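All chains, full assembly: derive it from the sequences and hints.
6 protein chains.
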Amino acid sequence: MSEPLKETSFDQDGNRSDGRANDGLREIRFQNGIAPHATGSTLIEWGNTRVICAVTIEEAVPRWMKYQNVSGGWITAEYSMLPYSTLSRKQRDSSRGKQDGRSVEIQRLIGRSLRSAVDLEKLGARTAWIDCDVLQADGGTRTASITGAFVALALATNKLVTDGLVSESPLINEVAAVSVGVVEGKTLLDLRYVEDAAAAVDMNLVMTSKGEFIELQGTGEESTFTPDQLQEMLAYGKTGMDRLNEIQKTAIAQG
Amino acid sequence: MSEPLKETSFDQDGNRSDGRANDGLREIRFQNGIAPHATGSTLIEWGNTRVICAVTIEEAVPRWMKYQNVSGGWITAEYSMLPYSTLSRKQRDSSRGKQDGRSVEIQRLIGRSLRSAVDLEKLGARTAWIDCDVLQADGGTRTASITGAFVALALATNKLVTDGLVSESPLINEVAAVSVGVVEGKTLLDLRYVEDAAAAVDMNLVMTSKGEFIELQGTGEESTFTPDQLQEMLAYGKTGMDRLNEIQKTAIAQG
Amino acid sequence: MSEPLKETSFDQDGNRSDGRANDGLREIRFQNGIAPHATGSTLIEWGNTRVICAVTIEEAVPRWMKYQNVSGGWITAEYSMLPYSTLSRKQRDSSRGKQDGRSVEIQRLIGRSLRSAVDLEKLGARTAWIDCDVLQADGGTRTASITGAFVALALATNKLVTDGLVSESPLINEVAAVSVGVVEGKTLLDLRYVEDAAAAVDMNLVMTSKGEFIELQGTGEESTFTPDQLQEMLAYGKTGMDRLNEIQKTAIAQG
Amino acid sequence: MSEPLKETSFDQDGNRSDGRANDGLREIRFQNGIAPHATGSTLIEWGNTRVICAVTIEEAVPRWMKYQNVSGGWITAEYSMLPYSTLSRKQRDSSRGKQDGRSVEIQRLIGRSLRSAVDLEKLGARTAWIDCDVLQADGGTRTASITGAFVALALATNKLVTDGLVSESPLINEVAAVSVGVVEGKTLLDLRYVEDAAAAVDMNLVMTSKGEFIELQGTGEESTFTPDQLQEMLAYGKTGMDRLNEIQKTAIAQG
Amino acid sequence: MSEPLKETSFDQDGNRSDGRANDGLREIRFQNGIAPHATGSTLIEWGNTRVICAVTIEEAVPRWMKYQNVSGGWITAEYSMLPYSTLSRKQRDSSRGKQDGRSVEIQRLIGRSLRSAVDLEKLGARTAWIDCDVLQADGGTRTASITGAFVALALATNKLVTDGLVSESPLINEVAAVSVGVVEGKTLLDLRYVEDAAAAVDMNLVMTSKGEFIELQGTGEESTFTPDQLQEMLAYGKTGMDRLNEIQKTAIAQG
Amino acid sequence: MSEPLKETSFDQDGNRSDGRANDGLREIRFQNGIAPHATGSTLIEWGNTRVICAVTIEEAVPRWMKYQNVSGGWITAEYSMLPYSTLSRKQRDSSRGKQDGRSVEIQRLIGRSLRSAVDLEKLGARTAWIDCDVLQADGGTRTASITGAFVALALATNKLVTDGLVSESPLINEVAAVSVGVVEGKTLLDLRYVEDAAAAVDMNLVMTSKGEFIELQGTGEESTFTPDQLQEMLAYGKTGMDRLNEIQKTAIAQG
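Protein sequences, first through last, are from chains Z, V, G, C, U and W. Using our numbering, you'd call the opening residue of the first sequence number 2 and step up by one each time. Using our numbering, you'd call the opening residue of the second sequence number 2 and step up by one each time. Using our numbering, you'd call the opening residue of the third sequence number 2 and step up by one each time. Using our numbering, you'd call the opening residue of the fourth sequence number 2 and step up by one each time. Using our numbering, you'd call the opening residue of the fifth sequence number 2 and step up by one each time. Using our numbering, you'd call the opening residue of the sixth sequence number 2 and step up by one each time.
Note that these hints are calculated values from the structure, not bench results. Since the model is a prediction, treat every value here as computed from it, not as a measurement. Don't take each hint at face value.
Lysine-lysine pairs mimicking DSBU-like chemistry, simulated, CA-CA at most 35 Å apart [what the hints assert, rightly or not]:
id : chain 1 : residue 1 : chain 2 : residue 2
1  : V       : Lys187    : Z       : Lys91
2  : W       : Lys250    : W       : Lys239
3  : C       : Lys91     : W       : Lys239
4  : V       : Lys239    : G       : Lys250
5  : Z       : Lys91     : G       : Lys99
6  : W       : Lys91     : U       : Lys123
7  : U       : Lys187    : Z       : Lys250
8  : V       : Lys239    : V       : Lys250
9  : V       : Lys211    : Z       : Lys99
10 : G       : Lys99     : G       : Lys211
11 : W       : Lys67     : W       : Lys123
12 : C       : Lys187    : G       : Lys91
13 : V       : Lys250    : V       : Lys91
14 : C       : Lys91     : G       : Lys67
15 : G       : Lys250    : C       : Lys91
16 : W       : Lys67     : G       : Lys67
17 : W       : Lys99     : V       : Lys67
18 : Z       : Lys67     : W       : Lys123
19 : Z       : Lys99     : U       : Lys91
20 : W       : Lys67     : G       : Lys160
21 : V       : Lys123    : G       : Lys91
22 : Z       : Lys160    : G       : Lys67
23 : Z       : Lys91     : Z       : Lys123
24 : C       : Lys91     : V       : Lys91
25 : C       : Lys187    : W       : Lys99
Take a look at the structure:
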C-alpha cells in the first residue's frame, strides 16, 4: 500500500491545488440563528473553517467604564478553539487553567475590529459580548471570526432596533477581514491551512466596505517582505474585501 | 403593553404545557459529522437543548495507566456550556480560571457512563476523548450529553473498525440517559427547564438497551421522596429509555 | 521471608473477612467537640474511616442570595482529604492549586444532603459552613462525612437555640448516609476500602429517619446492575439507615 | 445584660491572667497515632492550641535532588490552618487557589527546623513529608507545629529502624520551639493569643536539647526592642526549651 | 494657585509641543551591561521611556523542538511593565496570577521580530531568552523593547562568537522598530504617551536595515484610516528606521 | 586550556578572598531617581548585588483597613528577582502563575521592617507600595532591599512634605539591614554569594540607627549555632549597621 500523497499548496503546473485563482476566495456560507439564546448568532463556514459567532447584549457596562465615568457602551470578544477543531485534539483552556497566548492575541484583535464598526454612544449603556468558537480549523480562523462576528453583531443590533431598545442602528461601518500571504514567492488571497503553514509572509486585513483600514497585521515569521510585496498584498486584499461585503450583506438580509 | 405570561409546567387543566404526556419525551434529532476533525461527532437536538458531542480517538493512554501498568484503553469526558447557551451569558471557565463544580460533576458522570459502554481491553492502547459542548440549554443537558456522546462514540468506534485499527467493535453496551422528576406531585419524564426548576425531585437514569442500570442519581434538593415515588420514576425512566435506544440506533445507522 | 497475604473481601467460606454479616455496619463512634472554635463539631470514627466534621455558623449569607433577593439562610460544604489520610500521601489541593474533581463532587453532595435537613427560612440570614476533613480513609468517606456532619449540624443548631439566636430548631429531617454495593455477586452493606475497590456496583444512599430519600447515587463503574439488584441494595440500605439514626441520636444527646 | 469583660493579658495585680509565671509554659499533651496511615503522627495540645502533626516517609526524593545529583534524603513541610481553627472561619487555601503568605513563611520555617534534626545521608533516598494542620489556634501554632512535628518525626524514624529500612536512627538533634515576647514592657514566655495580639515584640526560638540554636526570629511589628530585651528573651526561651525537651522525650517513649 | 495646564500634543501654532518635527525621533541612548549576569544587556532610554533589555543564552532548547525533531535554536521573549513604570502603580502579573492580554500580545511580537533577525540553525541548540522590563513608560514601550532587544541580542551573539561557542554570528538582519500614527489629522513619527493617547491610528513597524518589513501592525482603535494615510505612515516609518539603524550600530560597537 | 579555579570564601592565608576584613562591608552606592514615575526610587549597588527600590504613594488604603476601621496608612512590599539577575535565568513568577515561597517570605520581611520606620498615623490614609526588583544577585538581596527601600521611602516621604501633603515627616526610625554568618568557623559580616552558599549559619539583622532591633533572623540550615556565636554575630552586625546608617544619610541628603 502506498503512502497518501502529502497535500501541497500548488499542483505541478504551479496552480493552487484546490483550483482557486491566486486572488480567489474559498466558498463562504452563513447559518444564522445557530445559538438561539444569543441576541444574534451565525455559523460561518469558510471553506473547511467553521466558526460559531454569537453576540450577546448585556444591559450593563464593565466596571472600569463606571470608575472612569465613560459614557456609552462597550464591545468585548472571546475566542476559543473547541478541542475537536484541530486534527489532533487541542487541550481546553479551562483544563490548562489559562488561555494560550495566541487566543489572547486573536480575541483582542476581534474586539478592536468590531468596536470600529459601532458608535458606542448609540449602543447605549450596554455590553456586546462577542463569542467566537472554532468548530473546525483550516486556516483563517481569525478572519472568519471577524467576518462572522460582524454578521452576528448586525443581527443583534437589528434586534435592538426591532425591540425598540435603541432608536437607530449603532452600526457605522461594515467590517470584514481576510488573509493574504506569500507562498513560494506567489501572493495568494485567503490562505487555507496548507498554504498558511508554507507561507513566508502572512497578512491579515480588517477593512470597511468603504475601503478604509481598521487593522493591518503583516508578519514575516522567520522571514521578511519587501515594500513591493506589501503593495501587492494590499491590492489582493481589497479584491477579497469587496466580495466579502456582498456575502455579508446577503447573510444579514436573511435575518 | 401587558407583561408576557410567565411560562409554567402545567396548563390550567393540569396537563403539561408543551402538550406532552407525563411519560412523553421531547423530539430528538441528530446531525452527525458536525465536527469533521473529530473521529466521530454529532449535534444532538433534544427539544430546545442542543449539545455538540465529539469523540476524538488518540493513539496514547494517560500517564497513570503506564505508571500503574494497566492494559487496554481509557475514556475521559469534558463538558462545557458555551457562554451563549444560557439566557443570560455564562462566563467562560477559562476566564474564571477554573471549571465550576457542576461541570466537574457532570463530566465525571459522562466519563463513567461511557466507560460502561466499552470493553476497554478491546479498545486497545487508545484514549477516547469525549467532548460535550452545550450550544443551547433548556433542561437535560447531562442526559442529552450522554445520549449524544454514545452516538458519537459508536460512529468513532465504527471508524476504528473500518480503518482496520481494531478487529471488532469494542462496544459492549448501548447507553442512553434520561431525566425523571416530580413536579407539583406529578411524576414527569424528560424535564425541560421550566419543569426542572420547579421539580421537588430530580432523577437522572443512565441505562443500557438491555434494561440494566449504569448510573442512577436521584436528588431531592431541599426536599425528599418516598420509596413509592422512586418506583414510579424508575418505571417512567424505563419507558423513555426504550424509545431513546431506537432513536440512537437510527442515528448511528445513518453514519 | 514470605509475602504478606493480600487482604480480600471474603474468607474461604465466602463470609466477609472482617466477620460482619452482609447487611452489617462497621462500629461507629462520635467524639464531639473535637474543634471547639466551630459552632458544632464531632470526630466520626466509622471502622477505620475517620472524619472531622465541623459546622461554623456565620452571621451572613452568600452574595448571590442578596442579589437574587432570596430570604432565609444557606448551607454550604467543603470536603478535603488530609494528605496523610491515605496509604500513600495525597498531595494537598492548595499545592495543586485546585481541588480534584472527586472532592468537588463529594462536597456538592454533602451540601445538598444537609440542606434537606434544614428549614432554611428558620435558620435565618445565616450561613452554616460544613467542613469535612478526612483524617483516615478506609472506604465510605462521603457517607461518614454526611452522617457526621448531621451530628455536628444538630449540635450547632442546638447551640443557636440555647444562645437564643433562633426561637426553635431549624432542623426538619434527621439525615444519615450509608453505602451498599455488589461484590463478587453478593450485596453488601457499608463497604470498607477492600470491598469498595472490588465492587462491581457502588451505591450511596442519603435518607431521613422517616425512610424517605434525599439522594440516591448508584454507579456501575465499568459494569451494570439489574433492577433486582437495585431493589436488594435499597432493602439493605434501609436496614443500615435505621441503625444509623439510633447512633446519631445518642451522639447528639451527649451534646 | 452586661457586656462580657474583654480578656486581657494581665489581671489587676499585674499577673498573667491565666495564672502562669512570666516564664511559665502552658500545659502540653501529646496524643500519638492520631493519623494511623502516616508513618508517625501525634496531636499536640498546647494550652488551647491543637495541631495534628503527621510524618509520612516516601521512598523517593524530589526531582531537583536527582538533577543536581545530591545524595541522601529530604524533608519538606506543609502547614495549614483548618478553616474551623479560628474564631471566625478561615477560608481554605484550596478555595482561594493559593496559600496565604503567612502559611508559606511558617512551613518553610518548619522544614528548615526539622532538617536540622536529621542526618539526611542516614535518612537514605527518602522524603519525609511533615504535615502540620492546626485544629485550634490560640497563639503559638508555629512553635507547637515544630515541637509536635519533632515527636512525629521521631516516631516515624523509630519505625524506619524497627522495620529494618535504616540501620540506625538518622536523628542527630532533639528539636523544640517556643515563643517569647514583650507585652506591656514585661518579658513573657509562651504567648497565648491574647498576649500575642498585645505584644510589642514577638520572638520564636527553635533550639536543640544541647542548648544550641537552629532558628531565631525576633520581630518588632511596628515597634523595636533593645539589646537588653533580647538577652532577657533568650534567657526565658532557654528555660522553656529545657522543659519542652523533657515533655517530648516522654511522648516519644510512649511510642 | 492656578491649575497646571494639561499637556497636549501640539502647541498653538500646530507644532509638536516637544519641539520635534512631525517625522522626528525622540533622543535615544543605550547603557550597555545594565544586567551583568545576562549574556547581553542594555538599558534603552528613548525619550522618557526606559526599558531594560536582557538576553540570556541557555544551552538547551524547548521541549516541543525535541518532540517535533526541529533542529537549530529558539528565541523567546517576555515583556513586563515594572509596577512603578506607570504614573499610577500597575499591579504585578504575579499578584494577579496571570499576565494581562496586552503583555502577552507584545511579548509574542518581540519574539517573532527577533527570530527574524537570526539564523536559528547557526544559533545551534540554544535558547535565547529575551527579557524586556519597562522601567518607565511614556509611549512606544514595544518599539523600544524590540529596538533595545536587538542591541542586547547582538551583544549576546558577539559574546557567543568571542567565547568560541559559534563559529560565525547567527545574525542575518538588523532589526529595529518605531511607531507612526495619525493625531488630529497629522501623521507623526514616534508617538510619546500624550500623542499616543490622542491618536486615531497607531501603527508599529518592525523593519530591517535593508528596508524590508518583518512586522507591520496598524490599528484604528474606534477609527479607520485610508490607503493614502497608510502610505504616508509607511514613508515616515522608513525615515525613522534609517536613523535607528545608525544609533543601534553605534551602541553595539561600544560593546 | 585549564579549568578556571572555583571561587572560594578564603584565600590560602585564611583571609577573605575579596580582601575585606571579617567585619567589613562591601562597597555600597545609591543612584536615586532610577524610576521617575515612582514617588521615591533608588538603585542600590551593594558589591555586585543591585536592587531597584521604588516607593509609590497611593492615596488610598487597603480594604481590610476600612472594614476593620483602622485609621492611618499602610506600607506593603513586593520583592522579585528579575529573570536575568541570577547566573542561570530564573523563571518569572508570572510564568509560573505564582510567587515562589522564598519571595513571599522576603517581601513580608521587607514590609514589616519598613512599617517600623514609619508612624502610620502621620502617613495619613495612604498606602506606600515598596517594590524591590533585583537586577543582579550576589548575596544579601534581602538586606540590600531593606536598606535601599528605606532610602527610597525617605525620598518619598520628603516629597510628601515638600508637596504639602503631610505637615511633618512620618519617619520615626532610620532602618537598615545587614547579614552576618559563620563560614568555616569564622564569623563574617555581609556575606556575598560564595560565602553565603558555604555558610553554616546565616543571620539577617534589621536595626534602627539608635541600635534597637526591628527584626532578627538567624538560621542554621542543616546546622546549629551556639549562644557565643550568636553574641559575636550580634556584635559584628552592630558594626555594620553604624556604617550603613551613615551611607544612607548621605544618599538621602542628595535627594
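Hints, one by one, checked against the model:
For a cut-off of 35 Å, the pair hint linking Lys187(V) to Lys91(Z) is broken: about 45 Å separates their Cα positions. With a CA separation close to 17 Å, the supplied pair Lys250(W) and Lys239(W) stays within the 35 Å bound. Taking the CA atoms of Lys91(C) and Lys239(W), the gap is about 41 Å. The hint is violated against a cut of 35 Å. Between Lys239(V) and Lys250(G) the alpha-carbon distance is near 38 Å, which puts this suggested pair outside the 35 Å criterion.
The straight-line distance between the Cα atoms of Lys91(Z) and Lys99(G) is roughly 21 Å, inside the 35 Å bound, and the hint therefore holds. Our distance criterion of 35 Å between C-alpha atoms is met by Lys91(W) and Lys123(U), whose separation comes to about 25 Å. Distance hint between Lys187(U) and Lys250(Z) is fulfilled; the C-alpha atoms sit about 34 Å from each other, no more than 35 Å. Proposed proximity of Lys239(V) and Lys250(V) is supported: the alpha carbons are some 17 Å apart, at most 35 Å.
For the hint linking Lys211(V) to Lys99(Z), the alpha-carbon distance of about 43 Å lies beyond 35 Å, and the restraint is violated. Distance restraint check for Lys99(G) and Lys211(G): the Cα-Cα separation of roughly 38 Å exceeds the 35 Å cut-off, and the hinted pair is therefore not satisfied. As the CA atoms of Lys67(W) and Lys123(W) are separated by approximately 17 Å, the hinted pair is consistent with the 35 Å bound. Pair hint Lys187(C) plus Lys91(G) does not hold up; C-alpha atoms about 45 Å apart against a cutoff of 35 Å.
Pair hint Lys250(V) plus Lys91(V) holds up; C-alpha atoms about 34 Å apart against a cutoff of 35 Å. Proximity of Lys91(C) to Lys67(G) is assessed by CA-CA distance (about 22 Å); at most 35 Å being required, the pair is judged to hold. A C-alpha spacing of about 30 Å is found between Lys250(G) and Lys91(C), which places the hinted pair at or below 35 Å, so the restraint holds. Restraint check: the Cα-Cα separation between Lys67(W) and Lys67(G) comes to about 22 Å, which is no more than 35 Å; the hinted pair holds.
Taken as a hint, the Lys99(W) and Lys67(V) pair is honoured in the structure, with Cα atoms around 30 Å apart against an allowance of 35 Å. Restraint check for Lys67(Z) and Lys123(W): satisfied, since their Cα atoms lie roughly 32 Å apart, inside the 35 Å limit. Simply put, Lys99(Z) and Lys91(U) have alpha-carbon atoms about 21 Å apart, close enough for the 35 Å limit, and the pair holds. Taken as a hint, the Lys67(W) and Lys160(G) pair is honoured in the structure, with Cα atoms around 32 Å apart against an allowance of 35 Å.
For the hint pairing Lys123(V) with Lys91(G), the CA-to-CA distance comes to about 32 Å; that is within 35 Å, so the pair holds. Proposed proximity of Lys160(Z) and Lys67(G) is supported: the alpha carbons are some 32 Å apart, at most 35 Å. Note on Lys91(Z) and Lys123(Z): the hinted pairing is violated, with a Cα-Cα distance of about 39 Å set against a maximum of 35 Å. At roughly 29 Å between alpha-carbon atoms, Lys91(C) and Lys91(V) fall within 35 Å of each other, so this suggested pair holds.
Simply put, Lys187(C) and Lys99(W) have alpha-carbon atoms about 41 Å apart, too far for the 35 Å limit, and the pair is violated.
Of the numbered hints given earlier, the model fails hints 1, 3, 4, 9, 10, 12, 23 and 25; all others are met.
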